[in-house]
Amino acid sequence: MDVEENAVNAAYLQVEFFSNQKSVAIPTTPFAIPDSASHESLNALLSAVLEQEEKEDGKENSETKSTPFDFLIDGTLLRVPLREYIDQRGIGTESVIRIECVIREPAPSPDQDIAHDDWISSVRTTDRYIISGCYDNSAYVWSRSGQLLASASGHTGSVKCLALVGNNTLLSDKQDMRFVTGSQDQTLMLWKIESEGKGKKKLKVVNTQLFRGHERSVECVATNSDGTLMVSGSFDSFLKVWNIQESDESTVVANAKKRKTDDDQSVTKTPMVTLSGHRDAVVGVCWSPTSAKEVITASWDHSIIVWDLELAGQQSSLVGTKSFTSVSVSPISGNLLTGSVDQHVRLWDPRSKEGSMVKQTFTSHTGWVSCVNWSPTKDHLFVSASFDKVLKLWDTRSPKTPLYDMTGHSDRILTCDWRAPELIASGGVDGTVKTFKKDL
Amino acid sequence: MPKRRSSTAKSTSSTVSGENNTALPKKEDDDTDEDEEKLKSRLFAEGYDDDESDEGDNEEDDDEEEDTDEDDESDSEDDDDDDELLRESSDDDHDVVYASERPSHSKSHSRRNITADTCDSSDEEDLRNTIGNIPVSWYDDQDHIGYDWEGTKIGKPAKKSEIDQFLEKVEDPDYWRKVRDKQTGQDVVLTDEQIATLMNIQRGRYPTIGYNPYQPFVDFVSSQHEIHPISNRPEDKRSFVPSADERRMVGRMVHAIKMGWAKPKKVKPTDEEVEAKRYYDLWTAEESEQKTKTEMARIKMHFPAPKVALPGHDESYNPPPEYLLSPEELKRWEETEPEDRRRNFIPQKFPSLREVPAYARFINERFDRCLDLYLAHRQQKTKLDVDPKDLLPELPRPQDLHPFPTTLSLLYKGHTGMVRALSMEPSVGQLMASGSDDGTVRVWEIGTGRCVKTLTLGAPISSLMWCPNAKMALVAAASANNVFIINIECGDRLVVSETLTAMNNFIENSDQLNVAQASVTWSTVNDLTGSSPAVSHLKLTFETEIKQVTWHAKGDYFATVTSNGARSVVVHQLSKLKSQAPFQKNKGSVQTVAFHQTRPLLFVATQKHVRVYNLATLQLAKKLLSNIRWISSIAIHPKGDNLIIGGYDCRLTWFDLDLSTKPYKTFRHHKSAVRSVAYHPHYPLFASSSDDGSVMVYHGRVYSDLLQNPQIVPVKILRGHKTTDGLCVLSCAFHPKQPWLVTAGADSTLALYTY
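These protein sequence lines map, in sequence, to chains A and B. So for the first sequence, my numbering puts the first residue at 1; every next one is plus one. So for the second sequence, my numbering puts the first residue at 1; every next one is plus one.
It should be emphasised that the hints constitute simulated quantities derived from the structure, not laboratory data. Since this is a predicted model, take the numbers as computed values, not measurements. Note that CB positions come from ideal geometry on N, CA and C, so glycine has one too. A couple of the hints might just be wrong.
Unchecked claim - Not close to chain B: a few residues of chain A, all C-beta gaps over 12 Å, as computed:
no.	residue
1	Thr76
2	Gln88
3	Gly90
4	Gly157
5	Arg212
6	Gly334
7	Phe387
8	Asp411
9	Val429
To be verified - With a cut-off of at most 16 Å between alpha-carbon atoms, the simulated EDC-like pairs for lysine to aspartate or glutamate come out as follows:
no.	chain 1	residue 1	chain 2	residue 2
10	B	Lys159	B	Asp143
11	B	Lys413	A	Glu215
12	B	Lys471	A	Asp411
13	B	Lys413	A	Asp405
14	B	Lys576	B	Asp556
15	B	Lys453	A	Asp118
16	B	Lys159	B	Asp140
17	B	Lys665	B	Asp692
18	B	Lys453	A	Asp405
19	B	Lys471	B	Glu498
20	A	Lys437	A	Asp405
21	B	Lys539	B	Glu498
22	B	Lys639	B	Glu543
23	A	Lys359	A	Asp388
24	B	Lys453	A	Asp185
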């Protein structure tokens, strides 16, 4: 084969391909390949082999021919030439190296580029909209094709964080989508996206609830999956739990001054519980996917705390060495990803009690990691946004090299999102929300 | 002859057949028969069947007894050359042997003999001859040798003739080991063991065969401390009951002492004491006297004379001829100067050692040596053997001193002129303010780099400080001749509104507004660009340009420094809108001032010195003499006992106020003027920024233990700004909570360094 012809002088290694994916049938015969082979040349070899097999079988299948593979050796993605990989890990060259073939993650393709007037502090993708929080005190609702559908203005400070209420995939078409925004003006607002008029294009965003109680700018917010509770972290180092049910009256401030005179039906609410424990700004919060009462927060005081909302206290805490900037909990495995004020993304297992708390460190960024997000569907993929203007798509099996770098931002990226499985969005200081389509 | 033979045969073997067997009983004496019987009974018990014929022999025995005994008697008297020694000894020791071990009869019959011996005892055999313990020689004249148990005489055994003896000697292989038993007159063949015993005695060894005199020693009372008692016996009652006898004895003794009967024993003087009385030791007194310093020095400073080289061949009295000097060599030797001579003597040859004369120069050399020692006595030099590395202080590794800022993380861009002033929001640390030559004050969000607010003051801002009181959102900014107390309207809304009302209260309640006081005029400003119009700020107008403005830690007082001669330092009170110049006359041009965080102290830095004034008593508390030629900035440690001063002559000094008025440490790490210095509020960190573009970060740990000096380790050099017009990093400040450092540069940016 041409791979072998190219490198005559190189040493040869015995490799054997296998795959756990049913759609791929790979011959189990071992190959001798030069050790200078990279994953690209392995790909070429494999596709040639598959092609030959198909010819022998007498059927033409153009799909498998073009399918690129990724190669895993001992659960780690091969991203460097084979020789280097073997030297790094001290694998013997005498034995047959078993290489697992997986179909390569398709590259995300740039989709929309939505310009704003000011910095983007937060962005959320849903199956219907893209919602962005902006430093110009507003949140914007965009269609997936990048058209402004509605804007939510009401805050008197920059919108710093944004969260969708409940699990919006369960929403039927008739139900209105809701989201909350947290702002530098120390309040949170719950918004309802209502369709205005007949056309679906026209939307109206209505503020239904206002949450007051934080003493500094609200930095992060999250809601539980059934849309009844919300937690928000702020620079005042407190975590506050709010009841966001419309039927709830217990936390409503009766004599709240109406801030606006026009048709504002919003009610003002106070927190149900204030949780103190952090010693510095709470910058990341997410609801545990496994337990409805568990909330995970990350703070500038170098700690991650798992809170038990039923007990209104700390359940456990993980201590790092750097201030955190964001936290994301995997909906599948329950592992935590954190970005911190250095260039590393760290993977934590909150359940492990002994040994190193940090399971893995992903190093490729050159600036602060401002935001991390797990893939909603695959337990080994995630995106990270950084101040180095690059958004990276990672595979947990490849800690040194990300799968894809998504460039395009001209300044620091402050936020990214991958809530909708097929859409990655990012926004930052350059005032644009960039979306990337990700084939499943 | 046959009898004798048979007897020997019997003694050799009991298994001989026919004739011998019948003859055997006759030769046997009682002794052996009894043995036989005993043996038999034992053997029967063991299931061994013996010859029956022995049974009836006892009666016939007596007849023959005498003969054999006599024979043996004579036998024993003869000396044979072969076994002379043995026989002699056996004769002599006969009684001993007899008493200890009964001789057995056959060497070849070892089994029988051994059993016979072991089951026999000397008591029983004494029964046979009852004469008792008297010499047998008393019976020499009698024809019997004693009496048996029943009292009948025991006849002497027949004496053997010379020929018989000879024949026996020749024929009997056991002849040499035969011994005559004098009491019975019988010949006794000694067993191997008996012979071995005799041999041992002869050679002076232990007679018992196999006796080991060196038995393994069992150390019952060992030095080892045993945890268990040797015996399990409970302790005696008397061991814990006081002894009545002793009590009585002691009582008697006590009584004797009381009555004066008991007198102490006179101590006999020892020999030494007697000696000492007799003779007077001339030297003891001298020794016991206290030694003078020089004497002690001599003793202490003893050091051996240098080693003399071993003599060579040429120093011999009889050197080999090649060592002797030839006439030419001798001539040359004489010509050379004494100092230059290779050796200071001429090798000489003497026929014998006897003829070597006395050394002629002995007295001279000895005198020279003494003169040397007197004139130039040897002095001990204490050699300083110090490793230069040991002199260096042991600094911890910078890796162990984490966290400290290491990497440039963010640049805050927005200013258009040099950023001269920088201040962090106290306690929370979300925001910071910076003042620039472009006349603006900008408020930044530290974490994102967002410029939250821009206020235009018009003139370049030389100094700026956020009010340390967390309940007041105020920033004091010095711009040209004015100081603005700006209600910054950032942060906690509650604080902002409280600040607003407080400011309004101050303004309303004060009658000092727009009145010149201490060359300062207070006024209100409402139209600050970038601020909401409803908010009023305060403005203090001075006659000259303001160098610095600084707050007291409580946030009510603040001080300004102008270049206005005597009244350069003015202290203001915000709540009363009052200003006063505390000093009538200043010693020099004041560079910068600083308030102590907790105590009422004001640090006033002139060009070379820092004067510490007590504001309560209005007196000079201390004057710190820095080595700096021109002080640029000072910072006071949050604990209040330490101080760092930066100077335009590249120096940075650390003062420990408790220690001295002189610097504890001086650093010259910067290559250009130090522009600003800062302490971290919590972490043991401080930093200095300089015009050479670098920021030095130091680890400066202050111990609460007064005896321990501060530990100062330079840990990091940070670079991130570009030099503009010879200026670079103009200001630096630490984040109030994180180990982060923000620097303001002449290149109109601010930089955040994190770790």
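A quick look at each hint next to the structure:
no.	hint	result
1	Thr76	holds, 28 Å
2	Gln88	holds, 25 Å
3	Gly90	holds, 27 Å
4	Gly157	violated, 9 Å
5	Arg212	violated, 9 Å
6	Gly334	holds, 28 Å
7	Phe387	violated, 7 Å
8	Asp411	violated, 9 Å
9	Val429	violated, 7 Å
10	Lys159/B to Asp143/B	holds, 11 Å
11	Lys413/B to Glu215/A	violated, 28 Å
12	Lys471/B to Asp411/A	violated, 35 Å
13	Lys413/B to Asp405/A	violated, 26 Å
14	Lys576/B to Asp556/B	holds, 9 Å
15	Lys453/B to Asp118/A	holds, 14 Å
16	Lys159/B to Asp140/B	holds, 13 Å
17	Lys665/B to Asp692/B	violated, 21 Å
18	Lys453/B to Asp405/A	violated, 34 Å
19	Lys471/B to Glu498/B	holds, 8 Å
20	Lys437/A to Asp405/A	holds, 14 Å
21	Lys539/B to Glu498/B	violated, 19 Å
22	Lys639/B to Glu543/B	violated, 36 Å
23	Lys359/A to Asp388/A	violated, 24 Å
24	Lys453/B to Asp185/A	holds, 14 Å
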